[in-house]
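> Required output: the full structure, derived from the provided sequences and hints.
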Amino acid sequence: MPPPEAPQPSDETRAEMLTLLRQDIEEFDFSVLDNPGFELMRRLTHTEYDNTVRDLFGVELNVTERFPTELIGNSGFENSSNTLFLQSSLMERYIGAAQTIVDLGLPSEPTTDAHFLTRELIYVMTPDANMSEEAASTAVFESFLNKAYRRPVTDKELSNAKEQFFAARTSGLSYEGSIKQVIQSVLISPKFLLRVEVGSEGADSYRVNDYELASRLSYFLWATMPDQELFDLAAEDKLSDPEVIQQQLSRMLADEKANTLGDLFAAQWLGFHNVGTRIWLDPIDNPWCTDTLMNAMRDETSMFFMSLLRDDLPIRTLIDADFTFVNEELASTLYGMDYIRGDHMRRVPIYNPNRGGVLGHASILALTSNYKTTSPVKRGVYVLDTILGTPPPEPPPNVGILSQELQEMEEMSFREKVEMHSSNAYCSGCHSRIDPIGFSMENFAYFGQWRDTYDFRTRVDSPDEADESITLNTETSPDPITIHFKNTRRPISAGGSLPDGTRFDGPAGLKEALLRDRHDDLIRQVVSKMLAYSLGRQLEYYDEPAVLKIIAALEANDYRFQTLLEEVVASYPFQYKKNPGEEIH
Amino acid sequence: MKSCTFSRRAILRGIGAAVALPLMDVVPAFAQSPLPIPSGTNRLAYLYFPNGIPRGIWYPEETGPNGELIKLNEWMSPLEPHKQDINIPSNVWTPEGNGHVNGTPTWLTGHSYDSRAVNAGGVSADQIVARHLREETLLPSLELSTKGEGYFSNSLPRNAISWSAPDRPMAREIEPRTIFDRMFSTQSSVNSNRSVMDAVLAEARSLNSVVSSADRLRLDEYFESIRALERRIEFAETQSTEMANDGALTDTLVAPTPGIPADHQAYIRLMMDLMIMAFQSNATRVVTFMLDHGQSNRYFNFIPEVKGTWHALSHYQNASGMTEDDDGTTSWESVEQKRAMYAEVIRWHHTQVAYLFDRMKSIRESDGNTLLDNSMILMGGALGDGNEHDASHLPTLLAGRGGGTIRTGRFIEHEEQIDLGTIHLALMQRMGVQLDKLGTAESAFQNLI
Numbered sequence: 003m004p005p006p007e008a009p010q011p012s013d014e015t016r017a018e019m020l021t022l023l024r025q026d027i028e029e030f031d032f033s034v035l036d037n038p039g040f041e042l043m044r045r046l047t048h049t050e051y052d053n054t055v056r057d058l059f060g061v062e063l064n065v066t067e068r069f070p071t072e073l074i075g076n077s078g079f080e081n082s083s084n085t086l087f088l089q090s091s092l093m094e095r096y097i098g099a100a101q102t103i104v105d106l107g108l109p110s111e112p113t114t115d116a117h118f119l120t121r122e123l124i125y126v127m128t129p130d131a132n133m134s135e136e137a138a139s140t141a142v143f144e145s146f147l148n149k150a151y152r153r154p155v156t157d158k159e160l161s162n163a164k165e166q167f168f169a170a171r172t173s174g175l176s177y178e179g180s181i182k183q184v185i186q187s188v189l190i191s192p193k194f195l196l197r198v199e200v201g202s203e204g205a206d207s208y209r210v211n212d213y214e215l216a217s218r219l220s221y222f223l224w225a226t227m228p229d230q231e232l233f234d235l236a237a238e239d240k241l242s243d244p245e246v247i248q249q250q251l252s253r254m255l256a257d258e259k260a261n262t263l264g265d266l267f268a269a270q271w272l273g274f275h276n277v278g279t280r281i282w283l284d285p286i287d288n289p290w291c292t293d294t295l296m297n298a299m300r301d302e303t304s305m306f307f308m309s310l311l312r313d314d315l316p317i318r319t320l321i322d323a324d325f326t327f328v329n330e331e332l333a334s335t336l337y338g339m340d341y342i343r344g345d346h347m348r349r350v351p352i353y354n355p356n357r358g359g360v361l362g363h364a365s366i367l368a369l370t371s372n373y374k375t376t377s378p379v380k381r382g383v384y385v386l387d388t389i390l391g392t393p394p395p396e397p398p399p400n401v402g403i404l405s406q407e408l409q410e411m412e413e414m415s416f417r418e419k420v421e422m423h424s425s426n427a428y429c430s431g432c433h434s435r436i437d438p439i440g441f442s443m444e445n446f447a448y449f450g451q452w453r454d455t456y457d458f459r460t461r462v463d464s465p466d467e468a469d470e471s472i473t474l475n476t477e478t479s480p481d482p483i484t485i486h487f488k489n490t491r492r493p494i495s496a497g498g499s500l501p502d503g504t505r506f507d508g509p510a511g512l513k514e515a516l517l518r519d520r521h522d523d524l525i526r527q528v529v530s531k532m533l534a535y536s537l538g539r540q541l542e543y544y545d546e547p548a549v550l551k552i553i554a555a556l557e558a559n560d561y562r563f564q565t566l567l568e569e570v571v572a573s574y575p576f577q578y579k580k581n582p583g584e585e586i587h
Numbered sequence: 326m327k328s329c330t331f332s333r334r335a336i337l338r339g340i341g342a343a344v345a346l347p348l349m350d351v352v353p354a355f356a357q358s359p360l361p362i363p364s365g366t367n368r369l370a371y372l373y374f375p376n377g378i379p380r381g382i383w384y385p386e387e388t389g390p391n392g393e394l395i396k397l398n399e400w401m402s403p404l405e406p407h408k409q410d411i412n413i414p415s416n417v418w419t420p421e422g423n424g425h426v427n428g429t430p431t432w433l434t435g436h437s438y439d440s441r442a443v444n445a446g447g448v449s450a451d452q453i454v455a456r457h458l459r460e461e462t463l464l465p466s467l468e469l470s471t472k473g474e475g476y477f478s479n480s481l482p483r484n485a486i487s488w489s490a491p492d493r494p495m496a497r498e499i500e501p502r503t504i505f506d507r508m509f510s511t512q513s514s515v516n517s518n519r520s521v522m523d524a525v526l527a528e529a530r531s532l533n534s535v536v537s538s539a540d541r542l543r544l545d546e547y548f549e550s551i552r553a554l555e556r557r558i559e560f561a562e563t564q565s566t567e568m569a570n571d572g573a574l575t576d577t578l579v580a581p582t583p584g585i586p587a588d589h590q591a592y593i594r595l596m597m598d599l600m601i602m603a604f605q606s607n608a609t610r611v612v613t614f615m616l617d618h619g620q621s622n623r624y625f626n627f628i629p630e631v632k633g634t635w636h637a638l639s640h641y642q643n644a645s646g647m648t649e650d651d652d653g654t655t656s657w658e659s660v661e662q663k664r665a666m667y668a669e670v671i672r673w674h675h676t677q678v679a680y681l682f683d684r685m686k687s688i689r690e691s692d693g694n695t696l697l698d699n700s701m702i703l704m705g706g707a708l709g710d711g712n713e714h715d716a717s718h719l720p721t722l723l724a725g726r727g728g729g730t731i732r733t734g735r736f737i738e739h740e741e742q743i744d745l746g747t748i749h750l751a752l753m754q755r756m757g758v759q760l761d762k763l764g765t766a767e768s769a770f771q772n773l774i
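The listed protein sequences derive, respectively, from chains A and B. Numbers 3 to 587, taken from the working numbering, label the letters of the first sequence in order. Numbers 326 to 774, taken from the working numbering, label the letters of the second sequence in order.
Hints listed in this document are in silico derivations from the structure and should not be mistaken for laboratory results. Some hints here could point you the wrong way.
For lysine-lysine, the following DSS-like pairs were computed, each having C-alpha atoms within a straight-line distance of at most 27 Å [to be verified]: (1) B:K632 with A:K380; (2) B:K472 with A:K380; (3) A:K374 with A:K488; (4) A:K374 with B:K686; (5) B:K632 with B:K762; (6) A:K240 with A:K551; (7) B:K396 with B:K686; (8) A:K374 with B:K632; (9) A:K259 with A:K240.
Below, the structure is given as structure tokens:
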């Protein structure tokens, strides 16, 4: 746009320009693009590393606790190739961790069940009268290296390992000590730390091999290494068979390791991984806001998301569902459901049309609130950006102006709010699109509790005006003092509208309007996020054909979640790659 | 069981690992002794702070005819005892890369930030110097931060000021004990067994012929990180034990308790102690310390009369407590009150920085100079006025005499804006880096001597 003081294009010109641009984009033939993309070989995330170590050694060691924090860039996911750096300070951690892992996992004098289990997994053979050290150690290395490198070990690698083992033996180390030294080396090898995929020179796209596909599947669905069944299928060259890959998808989804799709993918996409850490209330002033409550809040959304996948529900269920997951504490503290007993999370039906779906989850409502007040702006932006993938423009610098006006919001009627917004042309351009979505969710308090009114408690001087009086003992006065309060209630008007002007009322109305008018955006957003997470990179323009293909398949299958997963793992970028060339940069 | 197979690599032991270590232990023998520090050796440190300042609390209250610092303003008063050791340049700005998201990652690169590509435009000043000096110290540089609080704690651009390549930020250390261990945790075993590392390297090289040429970049990253460790090990191996007898140094080597101190002042001062240890022992000559991440929402309620988060305070023109930056429970009586609290947070940081200067002045080096004399410490941030969110009049303060290459005690006033990059260049040149371009800056700042 020209600067404000320059002549401005007319509304007609703008509309015409927009149509022209849109035509160019919509009519572009994306099928001419043949590029599955390329994500730079990336290291395991700290979570993937811990999970992989768990699967290798059969015991949870969680050695990454003191590793530098994983930082998140534009993709919104920790597993993004362009933010997984390998600095020397991290290398030091890996070296220390390798030592810790063998020390803790394979002590020379095993005492616990876990120790014995790990020994069984690692020492697949033991030297004895009938078995030479060489034969036993070779078996150990073959078994371990196959798993740690996530592909068959080469003869050269095996002989290197044996050479290292014998050198250690010669230097006076015990049999097990020498084995552990080799294991330590493996644990700091790039073949273990990085997701290595064999390359191919040239400009053509190429399929990743079966072992690489096994790792792509397992790190996508499980955030850990492949299991034996995947390895076996890869060994038999069966994994590239579309039918086999779909069978594996079903099997893997049923496994509890797939819960990482809720705990990592959904949590990082929807932002609820921050509940309990960055989203919390001071426990002294809010004794009800316990760690267990916040765990239950996270678990609710994670388990809900997993049931969408496992029960193969339509994507719309994310927004509007007739069930959720709660335990007694969550149900009674935040949802007013007093009939739930016990600490375990279980699936319960929801009869209230306002509550079902993630926009009625305490986790989402808390992370879109300010500390102890709701924020219609945050909630509006959340729906437009996180849920629909259509973020409003960034606010201009010095955003306080609108907020100052929001100060009196709660005491104004909805109409007054809207009018006040439109009175400030500078802000209203965007906020008239954002805020009405948030207003429709105002019946949800800052941790998702339902409310019909805004309640204010103001201090008053005389008992005549008060409708509540509290008597306190204080340190400053010898006698108890009485404080009087007047409670005021104002009804919440939860009318809202979408940016296109569609009007509705309350959360139920919002959900209905979203699913009616913005269903396409919701689908595109879920597809884009899932595909980006599965690839470990941001999507690029050349991924558009894959996105369109997945959307088309979803359309033909009632937009079901398992179709989404099936199409993602079958997609061109998931199975192929192409060396980066000029066209990418 | 204690394996000694790693012993030659033992310098790396215990790092990041949950190895049981005594909670407080004085390092008994200075096993990994640094070489004697050549006299007049210059050190470089950057102290970054986020969220800007309320306009007008940086420049001095009274100056002499040639800019001599006579009296600092009340918000800078903790530095009053050190005014002969500092310079305050005025009208500093960064032409590109402003604000929390773009200004933080480019504070030391002088370029603009591309968040989609994760690219800060260039290598940061500290990393250029670190690379230049990497053969001379145990660690090329140290990157320190305080543990993030509130939103954006794991946002990449808000946590990255040091870039070893334009698209590669350095990881930052937040735990005092880990930092200590990286510098001093060594085992003085004589058993030398390179087999673990050597086996890995031999193996890893074979990968080069397998992966595609693009992926070789990532492998290079791996080899580079290994090489850095190799250099460090060799460095430690070739050192004499002379310094072990240097009581003044070894007596100060008390390993901090693992974990993050709950008291924020104790935390920051401990990190500063570690900076000093690093300089004193020549573990490194380049340190960056982010006093907080680029949009810190930390509560400073522990300062009397201060409430609300740092970032909320920085938007002081709105005292309602109802903005998106606010927590919903804190509000202020007036803009003036909020602005004063914002300034108080800056003053609190000056108090901590005064502690650092104080300690550095108490350490006498072999050339007779104090450690502060032989250092250059640039303190500042990438936002001018936090409320206006601009990048003019960036708070910038330079302490230390750079081994006698900097004339201190001055308010260096400028009518025209000066590019922060020119100051970076002037400091880099004093560390031996002959560069005259950094980001948008095309010459080094001349007015330091």
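> Can you give the numbers of the hints that this structure goes against, from lowest to highest?
Structure breaks hints 4 and 5.
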